[in-house]
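Undergrad: Chain by chain, the residues:
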Amino acid sequence: MIRYERSKGLTDVHTHYCPGCTHGILHKLVAEVLDELGILGKTIGIASVGCSVFSYDYINTDYQQTPHGRACAVATGIKRVLPDRIVFTYQGDGDFGSIGIAEAIHAANRGEHITAIVANNATYGMTGGQMAPTTLIGQVSTTSQQGRNRDMHGAPLHISEIFGQIEGAVYVERVSLHDIPNIRKAKKAIKKAFTYQIEKKGFTMIEVISTCPVNWGMKPRQALDWARDNMIPVYPLGVYKDVDAHD
Amino acid sequence: MKKGRLTFDNESCKGCELCVTFCPVDILSLDKDRINSSGYNLISVSDMDKCIACAQCAIVCPDSVIKVEVLES
Amino acid sequence: MSKVLMKGNEAIALAAVAAGCDAFFGYPITPQNEIPEYLSKYLTEKGKVFVQAESEVAAINMVYGAAGAGARVMTSSSSVGIALKQEGISYLAGSELPCVIVSVMRAGPGLGGIQPSQADYFQATRGGGNGDYHTIVFAPESIQETVDLMKEAFDVADTYRNPVMILADGLIGQMMENVDMDKPIKKRDIKPKTYATTGTDYHEGRNIINSLGLDPVYLEKHNHALQAKYQEVIKHEVKVEVLNVEDAEYVIVAYGTVARIVRSAIETLQQQGMKIGLIRPISLWPYPKKAFDLIPKTCKGILVAEMSMGQMLEDVLIANKGRFRVGFHGRAGGMVPDPEEIVDAIKNFDSKVVES
Numbered sequence: 001m002i003r004y005e006r007s008k009g010l011t012d013v014h015t016h017y018c019p020g021c022t023h024g025i026l027h028k029l030v031a032e033v034l035d036e037l038g039i040l041g042k043t044i045g046i047a048s049v050g051c052s053v054f055s056y057d058y059i060n061t062d063y064q065q066t067p068h069g070r071a072c073a074v075a076t077g078i079k080r081v082l083p084d085r086i087v088f089t090y091q092g093d094g095d096f097g098s099i100g101i102a103e104a105i106h107a108a109n110r111g112e113h114i115t116a117i118v119a120n121n122a123t124y125g126m127t128g129g130q131m132a133p134t135t136l137i138g139q140v141s142t143t144s145q146q147g148r149n150r151d152m153h154g155a156p157l158h159i160s161e162i163f164g165q166i167e168g169a170v171y172v173e174r175v176s177l178h179d180i181p182n183i184r185k186a187k188k189a190i191k192k193a194f195t196y197q198i199e200k201k202g203f204t205m206i207e208v209i210s211t212c213p214v215n216w217g218m219k220p221r222q223a224l225d226w227a228r229d230n231m232i233p234v235y236p237l238g239v240y241k242d243v244d245a246h247d
Numbered sequence: 001m002k003k004g005r006l007t008f009d010n011e012s013c014k015g016c017e018l019c020v021t022f023c024p025v026d027i028l029s030l031d032k033d034r035i036n037s038s039g040y041n042l043i044s045v046s047d048m049d050k051c052i053a054c055a056q057c058a059i060v061c062p063d064s065v066i067k068v069e070v071l072e073s
Numbered sequence: 001m002s003k004v005l006m007k008g009n010e011a012i013a014l015a016a017v018a019a020g021c022d023a024f025f026g027y028p029i030t031p032q033n034e035i036p037e038y039l040s041k042y043l044t045e046k047g048k049v050f051v052q053a054e055s056e057v058a059a060i061n062m063v064y065g066a067a068g069a070g071a072r073v074m075t076s077s078s079s080v081g082i083a084l085k086q087e088g089i090s091y092l093a094g095s096e097l098p099c100v101i102v103s104v105m106r107a108g109p110g111l112g113g114i115q116p117s118q119a120d121y122f123q124a125t126r127g128g129g130n131g132d133y134h135t136i137v138f139a140p141e142s143i144q145e146t147v148d149l150m151k152e153a154f155d156v157a158d159t160y161r162n163p164v165m166i167l168a169d170g171l172i173g174q175m176m177e178n179v180d181m182d183k184p185i186k187k188r189d190i191k192p193k194t195y196a197t198t199g200t201d202y203h204e205g206r207n208i209i210n211s212l213g214l215d216p217v218y219l220e221k222h223n224h225a226l227q228a229k230y231q232e233v234i235k236h237e238v239k240v241e242v243l244n245v246e247d248a249e250y251v252i253v254a255y256g257t258v259a260r261i262v263r264s265a266i267e268t269l270q271q272q273g274m275k276i277g278l279i280r281p282i283s284l285w286p287y288p289k290k291a292f293d294l295i296p297k298t299c300k301g302i303l304v305a306e307m308s309m310g311q312m313l314e315d316v317l318i319a320n321k322g323r324f325r326v327g328f329h330g331r332a333g334g335m336v337p338d339p340e341e342i343v344d345a346i347k348n349f350d351s352k353v354v355e356s
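Protein chains in written order, with the working numbering: chain A, 1 to 247; chain B, 1 to 73; chain C, 1 to 356.
The shape of chain A in the complex, shown without the other chains:
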């Protein structure tokens, strides 16, 4: 009996991601969820700009590659003309939280029936490790070489907290990939987000605490532990919005 094998939701293409990069894990979770929900054939994915720009080569659905930050607007365009298909974006903390924040907030505000998967690794990975909106205070980056400080750079941006406030957002959860139980929880959250989209409830977003071993200058396992010890205290895990939650 097979306990675990490569998901049908992934293509055969070897990813370009660095060894130990959590994008690989997150891609698997999205692929597995889409396959398990039986919606691979009616899903359109949106690749953003960042390390995950090539996600169109890795996840086994129709795909559109889009300008930096614009994924939520493109998703809106697709979903409005194909309302019975499933549409998701796959973005980083820069694509969603910096250049794309207006499109993201307004897609959420309009309650667009799309799912945004946001990988937060506190850096701009693809371009070599510049400061991101979610870079931590004191964290060194190539554009904050003495470490991020409030006076010059402002404080880290709390994405899930913001989106939990938006009425059109029906499910917002922050999850992490730093160990096996959390990977399982992340998959559950992603499945819930897509399920809410199938049920036509509104905008769903899962923020995934991720790592960037190369730009953080750590080995992969060390990076997962660093995320657990440093990012989660700043970005608490949990559900920030659930229209179906009962007290």
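None of these hints come from the bench; they were simulated from the model. The reader is advised that the hints may include incorrect statements.
In silico EDC-like links for lysine to aspartate or glutamate, alpha-carbon gap of 16 Å or less [what the hints assert, rightly or not]: (1) A:K42 x C:D201; (2) A:K8 x C:D201; (3) C:K347 x C:E249; (4) B:K67 x A:D84; (5) B:K32 x A:D12; (6) A:K219 x B:E17; (7) B:K2 x A:D84; (8) C:K193 x C:E96; (9) A:K42 x C:E204; (10) C:K48 x A:D84.
DEER-style ranges, computed between Cβ atoms [stated by the list, open to error]: (11) A:G168 x C:D132: 23 to 29 Å; (12) C:M175 x A:T127: 46 to 52 Å; (13) C:Y218 x A:A245: 44 to 50 Å; (14) C:G131 x A:E199: 55 to 61 Å; (15) A:V13 x C:E204: 52 to 58 Å; (16) B:D47 x C:G131: 33 to 39 Å.
Since we're looking at a predicted model, the values are computed, not measured. Note that CB positions come from ideal geometry on N, CA and C, so glycine has one too.
Please arrange chains B and C on chain A, whose structure you already have, making use of the hints.
TA: Okay, now just chains B and C, sitting in the frame of chain A:
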């Protein structure tokens, strides 16, 4: 205790060692003597009999390298 | 069919609906606000898609998504807002997606003014987006022509899988004229959109809309393929009106609203015994260069009249190939020339010469 069998798609492996660090029975290690065609070192299993089919290695693997089968007793 | 008196912006909206537009994404900006306003009613009534986006940037990206999903889609804006759309237009062209973009020009640069202008000729034809691409640009002079070109624009976009722009100015957007909304346009054979991302259950294989090409060998090939497509557009889609050029003493080149003003001036000059020709480009890209070969050797000069500081002028200089003296008469800031200025410009042509 369950018993497991692991199969590795070596060409997909990037030698990141996440599986090694999450294996609860310590049977995985990076093998410096083996590489795939991308130049990455591969993972070796020291004692497949000790595998408990927990699949933690496969779950954490970013590249879907490992297939985990539960052996019928 | 019967003609109806209507405002330019309303006609643009109705023409889009008549052409089978599936979706409109746009943002308010003067002087084209009636377009989204009317479409918010007309498209919604037909069960089609209307979204007032949060910005022109968002709107052009919604157009990209819907176009990639196989829909007939458009946006509209004016000068400043079109500036914001440049990245999206480059992506649309690079990914080979069809769409219609209406630009109702206002004065610039920057926030400028809300009065009419033709100072976005460069923006439309030279594009502000990155890379080797072209937007197909049509410039109407009357509301009827606007309606006809709007309908054709969707078909041209689908035929070539490229953005098509209708370049009007604030006068056309705001004035009222008789329109026959049912006037038929040329039928085109349009291929089904097998590239559309509708989900792998709905077509063969996996469809990916993409303009990324990190391998330079591939990307150069792709650019050559795009250029080959643009050569087809140049071969088949030039539109121009040529009047009385064969024995003209002077030829005036003007498009859009200015062409109508020039017609009045030509009438006056003809009454005074002068032979004046008119070249009115209707497609601004591809530019009707061949029309200039019709100008006789005896012509004393070409006058370019624009509501700009000299943008189409440059295409005239290229088409002219140094054969004739070229003069220029321009207004800016939202000022609209009157026919007397054009008459004076011809009478005092020597003072208007920019290239001899």
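Undergrad: Would you mind marking each hint as holding or not holding in the structure?
TA: Hints, one by one, checked against the model:
At most 16 Å may separate the alpha-carbon atoms for a hinted pair to count; A:K42 and C:D201 meet this at roughly 6 Å. Only pairs whose Cα atoms come within 16 Å are accepted, and A:K8 paired with C:D201 is accepted, the gap being roughly 15 Å. This hinted pair checks out: C:K347 and C:E249 have alpha carbons roughly 11 Å apart, not beyond 16 Å. Taking the CA atoms of B:K67 and A:D84, the gap is near 34 Å; set against the 16 Å cutoff, the hint is violated.
For the proposed pair B:K32 and A:D12, the alpha carbon gap of about 26 Å is over 16 Å, so the pair is violated. At roughly 9 Å between alpha-carbon atoms, A:K219 and B:E17 fall within 16 Å of each other, so this suggested pair holds. Taking the CA atoms of B:K2 and A:D84, the gap is about 43 Å. The hint is violated against a cut of 16 Å. Proposed proximity of C:K193 and C:E96 is supported: the alpha carbons are some 11 Å apart, at most 16 Å.
Between A:K42 and C:E204 the CA atoms are separated by roughly 13 Å; this keeps the pair inside 16 Å, and the hint holds. Taken as a hint, the C:K48 and A:D84 pair is honoured in the structure, with Cα atoms around 15 Å apart against an allowance of 16 Å. Taking the beta carbon of each, A:G168 and C:D132 are about 40 Å apart, not inside 23 to 29 Å as hinted. Remark: the range hint 46 to 52 Å for C:M175 to A:T127 is upheld by a beta-carbon distance near 49 Å.
Judged by the Cβ atoms, the range 44 to 50 Å given for C:Y218 and A:A245 holds: they are separated by roughly 49 Å. Distance hint check for C:G131 and A:E199: the Cβ-Cβ separation is about 42 Å, which falls outside the suggested range of 55 to 61 Å. For A:V13 and C:E204, the Cβ-Cβ distance of about 19 Å falls outside the hinted range of 52 to 58 Å, so the restraint is violated. At roughly 57 Å, the beta-carbon separation of B:D47 and C:G131 lies outside the given 33 to 39 Å, and the hint is violated.
The structure fails hints 4, 5, 7, 11, 14, 15, 16 (numbered hints given earlier, in ascending order).
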